[in-house]
Amino acid sequence: MKNNNLLFVTIGTLLFQILFVDFLTINLIRPDFLLIYVFYIAIIYGRVVAIVVAFSLGLLSDLFGVGSYFGLGPLTLSTTAYLSGFLYNKYERLLPYVFHCIWIGILLLHFYINTYFRFQTIFVSDILDFVSIWLTSFSYTMIFFLIMQYFYPMKEASRAKIN
Amino acid sequence: MRSLYLTLLKYKDHLLFLLAISLSLVFLLRNESPDIYLIRGKSSDLFSFINSPLAWVKNMTQLQKETELLREKNIQLSLQLESMLAAYEENNSLKDLLDYSRESSFELLAAKVINMGISSNISSITLDVGKKDGVTTNQPVLVPSGVIGKTLIVGESSTLVQCINDINYRLSVRIYPSATTGILRYLINDIYEIRELQKNAQINVGDKVVTSGYSKIYPENLPVGEVVEILDERGSFQKVARIKISPKISSILNAFIIVGISFDEK
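In the order they appear, the protein sequences are chains A and B. For what it's worth, numbering that gives the first Met the number 0 labels the leading residue of the first sequence as 0, then goes sequentially. For what it's worth, numbering that gives the first Met the number 0 labels the leading residue of the second sequence as 0, then goes sequentially.
This is chain B alone, in the form it adopts within the complex (with noise of 0.2 Å):
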């Protein structure tokens, strides 16, 4: 029994060091366990708590240019607004000649992003608002720009979100105008790839790309980014189109979560 004690405590560190691994492999390995989901949620509202004067302090550093990028926006707003007005009067007359009976709305709750996370690549986002506001998994997350990712982990005051640059992050999306159906995920920096294209779609760069609205999570026709590339390889059934998003992950200080979609019957 000494014995024992004593080659236990001669190798205590490579013992100490096989507890450790086996303790993160578990933690890899049940990542998407309830339990884990839960401490995750409590810790999520702990740190949101202990960040949210940095976040504030972030916020005002940030005000000013913020503001300034609002009114260049809100002048580009005013100016495209003339022209969408026509746009929306024709789409109403033309909806009305085909009887098209329901119209969506979605019901968007505005959250500040209190947290980054602390690793050395961003790949999730905290957002100061959680159960309490009507939060639960799975809820789209946006900005004006596009799709930034979906609700991972709901607290009570807090929400993490699972960003659109996590290697285990998939979105169904669709290119128009071909309107073809493709599964899309992070590559590198903004650049992301879509694969499972029809080999003959027509697809070019510059191509919208939005989400198909297949998902159970993600409405039709939210917005997502542009075509930069197309791969057509000989060998392969498939084509692959690379995109670029317009969000940049790492400066984002507000966005949207989608908490409903109501349906206007016309």
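The shape of chain A in the complex, shown without the other chains (with noise of 0.2 Å):
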């Protein structure tokens, strides 16, 4: 039942990604709903479940559609989904400010590599417009992330299983 709920939900996520990502396109930038998904489900789920999951919506956002490097959605989503898995539990155990520290620091690294892979030629030429993309890119993904936190606080999540 957990797991059909689950796959009912990353299905979902995927579909409104699919659905709303063309609409909230600003200057080529988009919000990424499937790492807001994908950190959840490792706070919530742990780490294993977390990977698996952000590997087969790494692999379908890549396969709906990506110029080149084909494979790095899987990559950088496993990889934020494992790192994330460290918070796993750990609401209660860190010091609030190291908590929302390290979650940030994650969703940064996220958006470095997939802005280094995309933007290489910017980051040999021009360092701060390389770090403009990169935070504009993190910063619209944020704002969601924020509004999310309203309806689903990151407390309530880690907290999913406990209850």
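FYI, nobody ran anything at the bench for these hints, they're computed from the structure. Because the structure is a prediction, the values reported are computed rather than measured. Think of the CB as a built atom: it goes at the ideal place given N, C-alpha and C, for glycine as much as any other residue. Each hint should be verified, as a subset may be incorrect.
Stated by the list, open to error - Think about it this way: if two alpha-carbon atoms lie no more than 30 Å apart in a straight line, the pair counts; the simulated DSS-like pairs of lysine-lysine are:
1. B:K64 <-> B:K41
2. B:K243 <-> B:K207
3. B:K215 <-> B:K130
4. B:K215 <-> B:K94
5. A:K154 <-> B:K11
6. B:K131 <-> B:K41
7. A:K89 <-> B:K9
8. A:K89 <-> B:K11
9. B:K207 <-> B:K238
10. B:K9 <-> A:K154
11. B:K72 <-> B:K247
12. B:K247 <-> B:K41
What the hints assert, rightly or not - Derived, one-sided and incomplete: chain B residues facing chain A with beta-carbon distance under 8 Å:
13. L7
14. Y10
15. K11
16. L15
17. F16
18. A19
19. L22
20. L24
21. R39
22. D44
23. G116
24. N120
25. L159
26. D165
27. N167
28. L186
Please dock the two separately framed chains into a single complex, following the hints provided.
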């Protein structure tokens, strides 16, 4: 039953990304709902489930259409899932600012890898522009991440399995 | 044996991560492999089918806006037509004088954009035409304002296009009026960079950029963009020009694929 729910929510998230991502595109940058979902899965279910979900979603996302770097989606999402898995059941054990710094760092790393692969030329020619793209992509997804916090706070998510 | 099993079980998360990373790297390193192309082609057909109702809704919602733009464009073109007709006549007579032998025309295939991928940066689009419509890989894709990419993976009824803003995309271009050639690549937003330009080339802001024709994929003189900045460093042996392209990749609804070039003998 639990597995079925997870499967349905995963498919729902994928559909949500497919349906709404085009309408939310600003200057070729889009929010990454799959990343938000993978992060939540990691803190709710732990690393193993998160890596499986992240790899599958990343692969499907790349199969849906990507010019070059087919495989980058599963790579970045799996890395995020693995690192986010460290925060599983840690909300109460870590100091709040440490917890928040870690997850922000993980998301920043995700976007760094993504941006580095896609904008290597700018990384070489103009590092400031590169940082600007990196932080813009990160901030855009963060807006939706913070909105999500309002509906389903991280504190609640991390306790979801305990309750 | 049991201890090995227990060790594997204990570190299953790390092992799973290693497996996921290894598989991802295999995909990344085998991007050009025919097997990967085949899988992507099949999945492109499937996802296009899933996405087609959404594409239809999107087209409908943007139809009114597009109609207004087309009306405006129609008026502009009607005004241009008058002067173009005169230039055409003049061109024909000059060609006759020079005994110009051949003129090329493109066989264009119109296609609808049905999908722009779901990754956080747009670098590809999917069109609703495929092998059954005569599309093959490496055919130029353009909109009236310029080149936007080339066909990368062709399924039975859908085609994945590598957009001009993909990091691995390169295009041989010529800058007019100086006729200098260089290699174009994506930089940021709608700004692109042309490298390997001759140091002594006379390039100015506002110069037009077209395809050079040196490529096996792109015929010459397809519009690409306009020069907006020139970088001429003292220590460098080459010039770099930055150009802006007209098409907005994120809002393209329709595109054309050049499926063939026919030559009319004069």
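Structure-based check of each hint:
Between K64 of chain B and K41 of chain B the CA atoms are separated by roughly 33 Å; this puts the pair beyond 30 Å, and the hint is violated. About 10 Å separates the Cα atoms of K243 of chain B and K207 of chain B, which keeps this hinted pair within 30 Å; it holds. Of the supplied pair hints, the one linking K215 of chain B and K130 of chain B holds, its CA atoms being roughly 20 Å apart against a limit of 30 Å. About 26 Å separates the Cα atoms of K215 of chain B and K94 of chain B, which keeps this hinted pair within 30 Å; it holds.
A threshold of 30 Å between alpha carbons decides the hint, and for K154 of chain A with K11 of chain B the separation of about 26 Å falls inside it, so the pair holds. The hinted pair formed by K131 of chain B and K41 of chain B meets the criterion: a straight-line CA distance of about 14 Å does not exceed 30 Å. As the CA atoms of K89 of chain A and K9 of chain B are separated by approximately 19 Å, the hinted pair is consistent with the 30 Å bound. The hinted pair formed by K89 of chain A and K11 of chain B meets the criterion: a straight-line CA distance of about 20 Å does not exceed 30 Å.
For the hint pairing K207 of chain B with K238 of chain B, the CA-to-CA distance comes to about 16 Å; that is within 30 Å, so the pair holds. About 27 Å separates the Cα atoms of K9 of chain B and K154 of chain A, which keeps this hinted pair within 30 Å; it holds. A threshold of 30 Å between alpha carbons decides the hint, and for K72 of chain B with K247 of chain B the separation of about 16 Å falls inside it, so the pair holds. Restraint check: the Cα-Cα separation between K247 of chain B and K41 of chain B comes to about 28 Å, which is no more than 30 Å; the hinted pair holds.
A least Cβ separation of about 13 Å between L7 of chain B and chain A goes past the 8 Å threshold, and the interface hint is therefore violated. The criterion of a C-beta within 8 Å of any C-beta in chain A is not met by Y10 of chain B, whose closest approach is roughly 11 Å, and the hint is violated. Of the supplied interface hints, the one on K11 of chain B holds, with its beta-carbon coming within about 6 Å of a beta-carbon of chain A, less than 8 Å. Hint status for L15 of chain B relative to chain A: holds, with the closest Cβ pair at about 5 Å, below 8 Å.
A cut of 8 Å between beta carbons decides the hint on F16 of chain B: the least distance to chain A is about 4 Å, and the hint holds. Interface restraint check: A19 of chain B against chain A, minimum CB-CB distance 4 Å, threshold 8 Å, status holds. Taking 8 Å as the C-beta contact cut-off toward chain A, the hint placing L22 of chain B at the interface holds, the least distance being around 7 Å. Hint status for L24 of chain B: holds, given a least beta-carbon distance of 7 Å to chain A, under 8 Å.
Look at R39 of chain B: its Cβ gets to within about 6 Å of chain A, closer than 8 Å, so that hint holds up. A distance limit of 8 Å between C-beta atoms decides the matter here; for D44 of chain B the minimum to chain A is near 11 Å, and the interface restraint is violated. The criterion of a C-beta within 8 Å of any C-beta in chain A is met by G116 of chain B, whose closest approach is roughly 4 Å, and the hint holds. Because the closest C-beta pair between N120 of chain B and chain A is about 5 Å apart, less than 8 Å, the hint holds.
For L159 of chain B, the interface hint holds, the least distance from its beta-carbon to any beta-carbon of chain A being 6 Å, beneath 8 Å. Checking D165 of chain B against chain A: minimum C-beta separation of about 4 Å stays under 8 Å; hint holds. Against a cut-off of 8 Å between C-beta atoms, the interface hint on N167 of chain B holds, since the closest Cβ of chain A lies about 4 Å away. The beta carbon of L186 of chain B comes within 6 Å of a beta carbon in chain A, closer than 8 Å, and the hint placing it at the interface holds.
Hints 1, 13, 14 and 22, counting from the list given before, are not met by this structure.
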